[in-house]
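Visitor: Chain residues, written in single-letter form:
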Amino acid sequence: MSSNEWPLWEVFIRSKQGLNHKHVGSLRAPDAAMALQNARDVYTRRSEGVSIWVMQSALITASDPKESGPMFEPADSKVYRHPTFYDLPDGIEHM
Amino acid sequence: METRTIEQLSENFQQKIDADIKIEPNDWMPDNYRKALIRQISQHAHSEIVGMLPEGNWITRAPSLRRKAVLLAKVQDEAGHGLYLYSATETLGISREETIDDLHEGKVKYSSIFNYPTLTWADMGAVGWLVDGAAIMNQVALCRTSYGPYARAMVKICKEESFHQRQGYEIMTSLMNGTEVQKAMAQDALNRFWWPALMMFGPSDAESKHTEQSMRWRIKRYTNDELRQSFVDATVPQAELIGLTIPDPKLRWNEERGHYDFGDIDWDEFWQVVGGNGPCNKERIEARVKAKEEGAWVREAALAFASKSKSRQN
Amino acid sequence: MEESTYTFLLRLGDDSLILGQRLSEWCGHGPILEEDIAMTNIALDLIGQATNIYTYAAGLTPDFNDADALAFLRFEHQYLNAILVEQPNGNFADTLVRQFFFDAFRVPLFEHLQDSKDTSLAAIAEKSLKESRYHLKHSSEWVIRLGDGTELSHERAQLAVFDLWRYTQELFHMDTAEQKLLAQGIAPNLENLRGIWLETVETVMEKATLKLPTNQGFFGAGRLGRHSEHMGYILAQMQYMQRAYPGMEW
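Protein chains in written order, with my numbering: chain R, 8 to 102; chain P, 81 to 394; chain D, 0 to 249.
The set of hints was computed from the structure by calculation and includes no laboratory data.
Among the clues, some could well be false.
EDC-like, lysine to aspartate or glutamate: derived pairs with alpha carbons at most 20 Å apart [said to hold, decoys possible]: (1) Lys388(P) / Glu12(R); (2) Lys23(R) / Glu130(D); (3) Lys330(P) / Glu320(P); (4) Lys390(P) / Asp147(D); (5) Lys236(P) / Glu17(R).
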């Protein structure tokens, strides 16, 4: 991979009537000013009055998604939900 | 902590697919699934970008201001679609530049239709009507593809795509409502683009090596032949409505099947073009390589400025 | 009066059309996908502006029926665009410097035209101003990055400035038409715009570490229909369909 590639930025848009910013995708830009400029061109080509946030992808911290739902997981792999990890007081039998 | 085996992970993964639950970037996925997706999505992206060339070819010669503006808007949309798709590809851990280098080195392909030249204004009609029409068949199906970022990109693309096919068909309609010279221009464009458009759906199911696995993983939702049949069924009445003749003497409605029977595709032409020997393969790749190489100093300049600005801030 | 407005509109519209035509040539060939989108967007805006301007102008003359007729059926000497916009695209620096010089002129022009006593012209200006401001931001950012980027980009940007400077003087050309419109409060004094333009240009040039030439350039005559040799080729391509297939609907 060439280090001459422009960094990747994630783009978040709040539409005119929107309540919050939604992640819409990514683009390549050399810096924040151009990222905003490019985001406006690429992700809002058809509307005005939108709010744009851009963030370098590499600087975003994400949580590791655990595969969720009892249907797909043997309970053993779900360490943090396993009841044996929680000490229950005597007398509480059904929890 | 108990480590799950690859078997268990694969089983869970397939269960998700079967339940139409989207696979997201950080989810575990089989390596071949990741590879298949990178291939399919990046080829789709490359097709949008290379597709800008045969149409971009006619922007400066568009016959009216409105046609010029609409063609500019269409080509701009295609660039945007390419960008959404590169964005989806990058979530799989490969950079846009790597996939573009693969394209330039012939390791991945783009849709073979773009290896045909656009020779007359009527080609803008044929390409919009047939090529975008074929693309839409594929794309609507892909809105339900298993990989989240790809599905979301496709939903966005589908929303913007509907005007492309309409514009192409409108150009053909205008020509068929025009002078004899214009009608002949339209028919000639259809004659040259019909079979290449059918070839866009790829090899027949029997010949297609990737289809079975792609179907199991819901990367593909319909087979090549299924989509090709749908396309013919939808397009023939459109041609007939405006007085165009599909250049296929074997084309006829089959009441029993409820579909059109159509003639044999020249698979020799298909494999030749896919393999690099089409009318414009060389020019298309050369144009893209040139744009990348001649643009290197621009990209470097922007990075240099960004780096200097950062230093000044500190 | 109407003749002056008509002439002024042609100058305004032809600048938009010819520059839009030049930018369209970049489609599919830009240095990066994001810039392909940006330049196509600007070209689209300019073609849209030209269409609005010609639609109004066509109503003022019996010689041309509609916007398309004005766009495609005049002869070379009847186009009144500045020679700046005919210049070939060259490399990315040539294109962006040309764009910047142009945008820095159009923004104050449209700002002033919003107050025109001609309400149609004022409406066109209001709509076009939003777009021109955006174009100016884009071209300014690029001129700065190219000028203050690498040695190579600086060299190319500086060459572009030296080459294109001479064509900028024509933007402020005022003759009978503009004088009449000024007197009637329809169009602004272009000489006043020159000061605003120069301020914008000098600010960006400084950030870009680029020098401006000291000579005052030559007198171009695009505004009088006497173009560079590029114009013939631009028109040959642009007008081809309408000339080869006269009188047809598309």
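Visitor: Next step is simple, just say for each hint if it's right about the structure.
Guide: Do the hints match the structure? See the list:
For the proposed pair Lys388(P) and Glu12(R), the alpha carbon gap of about 16 Å is at most 20 Å, so the pair holds. With a C-alpha separation of about 19 Å, the suggested pairing of Lys23(R) with Glu130(D) holds against the 20 Å cut-off. A threshold of 20 Å between alpha carbons decides the hint, and for Lys330(P) with Glu320(P) the separation of about 15 Å falls inside it, so the pair holds. As the CA atoms of Lys390(P) and Asp147(D) are separated by approximately 13 Å, the hinted pair is consistent with the 20 Å bound.
Annotation: proposed proximity of Lys236(P) to Glu17(R) holds, straight-line Cα distance about 16 Å (limit 20 Å).
Against the hints set out earlier in the document, no violation occurs for any number.
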